[in-house]
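All chains, full assembly: derive it from the sequences and hints.
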Amino acid sequence: MIKSLKEWILVFMIIGFIMLIGNWIGYDILPWDALPGIAILIGISLAGLIIHRLLPFKLPSIAYIGIIGLVLTIPGMPGAAQIVTYTTEVTLLSIATPILAYAGVSIGRSWFDFVQLGWKTIVIGMVVLLGTFLGSAVIAEIILRFQGII
Amino acid sequence: MGEQAFKLWKDWRLHVIVLAIVAVTESIGTFAIPVGPGTILLLPMLYAVVIGLGLYFTPLVTDKQSINAEPLVFLSVSILIAKFGVQAGPALPQIIEAGPALLLQEFGNLGTILLALPLAVFLGLKRESIGMTHSIGREANLALITDKYGLSSPEGRGVMAMYIFGTVFGSIFIGLISGFLATVTPLHPISFAMATGVGSGSMAAASLGPLIAAFPEMSETLTAFSGVSNLISSVTGLYMSIFIGLPLTVKLYEILSKNKEKKAVKGSVDYDKKS
Numbered sequence: 001m002i003k004s005l006k007e008w009i010l011v012f013m014i015i016g017f018i019m020l021i022g023n024w025i026g027y028d029i030l031p032w033d034a035l036p037g038i039a040i041l042i043g044i045s046l047a048g049l050i051i052h053r054l055l056p057f058k059l060p061s062i063a064y065i066g067i068i069g070l071v072l073t074i075p076g077m078p079g080a081a082q083i084v085t086y087t088t089e090v091t092l093l094s095i096a097t098p099i100l101a102y103a104g105v106s107i108g109r110s111w112f113d114f115v116q117l118g119w120k121t122i123v124i125g126m127v128v129l130l131g132t133f134l135g136s137a138v139i140a141e142i143i144l145r146f147q148g149i150i
Numbered sequence: 001m002g003e004q005a006f007k008l009w010k011d012w013r014l015h016v017i018v019l020a021i022v023a024v025t026e027s028i029g030t031f032a033i034p035v036g037p038g039t040i041l042l043l044p045m046l047y048a049v050v051i052g053l054g055l056y057f058t059p060l061v062t063d064k065q066s067i068n069a070e071p072l073v074f075l076s077v078s079i080l081i082a083k084f085g086v087q088a089g090p091a092l093p094q095i096i097e098a099g100p101a102l103l104l105q106e107f108g109n110l111g112t113i114l115l116a117l118p119l120a121v122f123l124g125l126k127r128e129s130i131g132m133t134h135s136i137g138r139e140a141n142l143a144l145i146t147d148k149y150g151l152s153s154p155e156g157r158g159v160m161a162m163y164i165f166g167t168v169f170g171s172i173f174i175g176l177i178s179g180f181l182a183t184v185t186p187l188h189p190i191s192f193a194m195a196t197g198v199g200s201g202s203m204a205a206a207s208l209g210p211l212i213a214a215f216p217e218m219s220e221t222l223t224a225f226s227g228v229s230n231l232i233s234s235v236t237g238l239y240m241s242i243f244i245g246l247p248l249t250v251k252l253y254e255i256l257s258k259n260k261e262k263k264a265v266k267g268s269v270d271y272d273k274k275s
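In the order they appear, the protein sequences are chains D and H. Counting from 1, position 136 in the first sequence corresponds to residue 136 in the UniProt record's numbering; the numbering is continuous, with no gaps. Counting from 1, position 106 in the second sequence corresponds to residue 106 in the UniProt record's numbering; the numbering is continuous, with no gaps.
Don't read these hints as lab results, they were simulated from the structure.
Okay, the calculated beta carbon distance ranges per label pair:
no., chain 1, residue 1, chain 2, residue 2, range
1, H, 92, D, 36, 18 to 26 Å
2, D, 35, H, 28, 18 to 26 Å
3, D, 10, H, 27, 26 to 34 Å
4, H, 235, D, 123, 28 to 36 Å
5, D, 148, H, 152, 46 to 54 Å
6, H, 247, D, 148, 29 to 37 Å
These figures come from a predicted structure and were not determined experimentally. Note that beta-carbon positions come from the ideal geometry of N, C-alpha and C, so glycine has one too.
Structural data, given as structure tokens:
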């Protein structure tokens with residue numbers, strides 16, 4: 001646990017640094033303006049990972065991370081407004097770019113497996129992604145309209 | 001696990017490469033390509049995945065970097081999920097109001113079965129099509145099929161193929177279509193924001209990006225809904241597959257393949273010999 005904790009903290013510092021640079025170049029937000037925000041997001045992630053390790057249930061760690069972030073920012077929670085103000089400085093797109101850069105480097109190894117798949121799999125794969133994405137959106141749309149929300 | 005798993009922060013080459021990719025792609029910025037009535041948005045994150053993939057085939061990236069990058073995707077996704085969380089808190093009243101839609105849109109995953117399974121059977125795939133089309137084919141679904149049929153079964157090969165396809169191509173494909181679909185169809189951006197939560201973390205990032213770039217005035221709401229949808233999917237998605245998705249796929253496959261066999265028997269005299 002202690003070893004993982006040290007590992008997580010060091011890795012988060014590196015990733016956080018990369019995100020701050022991307023946030024600066026792409027969205028003109030100076031790193032020191034976004035620093036408190038990224039520190040809060042890292043803190044929430046760490047808390048989620050630790051809780052995941054400590055609790056015996058089999059919920060994915062991202063479930064804990066999402067819930068902690070949500071609870072901390074419910075209007076009326078002490079400090080909620082501050083957390084929202086700080087984390088707004090870290091744009092979602094600047095978080096996404098390093099994720100996909102790491103993903104790109106990582107999926108290179110699957111490339112040859114991908115090439116062997118054959119055209120049928122590729123056609124079906126696109127329909128599977130499209131079907132899931134569009135299916136979810138259509139059902140959400142129907143229910144939201146039914147409720148009169150949109 | 002062991003030694004190697006605990007030295008991720010030491011892989012300076014990998015982190016410098018990612019930093020360089022981020023710096024380059026963010027400097028290039030966003031391009032909007034109008035296609036008919038819709039728009040395809042090319043975002044830095046999409047260049048990033050393509051450049052990262054391309055670099056794997058240069059001496060800059062070795063297998064070591066590629067192996068280390070995988071847990072780093074997970075750790076950086078957790079920061080994204082934290083961001084989803086802090087956007088969701090302030091939107092909580094809105095989210096509770098939309099609660100039924102968020103829960104029920106999980107059924108949208110079944111859209112895959114109705115759309116992709118007939119196509120797979122039509123293209124001549126056998127039991128592989130069950131593994132391929134029962135779900136979006138991410139880690140949880142891979143585990144489910146492996147548990148039930150084994151990885152070397154036809155079903156296992158099918159889900160593995162979908163997993164690989166989604167891993168390599170998923171974020172690029174879904175990143176290209178999400179903004180386009182949101183601008184070209186009459187569906188509301190919030191409905192699409194909910195749909196971004198159905199896949200993996202990197203797919204969520206790749207499909208939400210173009211949405212908030214296309215509707216910047218709604219960015220906070222869209223992020224909040226995407227996050228909650230992702231949260232609900234991560235908890236309920238597997239059970240959805242176990243209790244509804246997979247049984248439905250198997251049933252539908254049996255119906256479809258029976259019809260197909262009848263047609264095949266009629267259409268070809270060699271059919272009995274071949275099988």
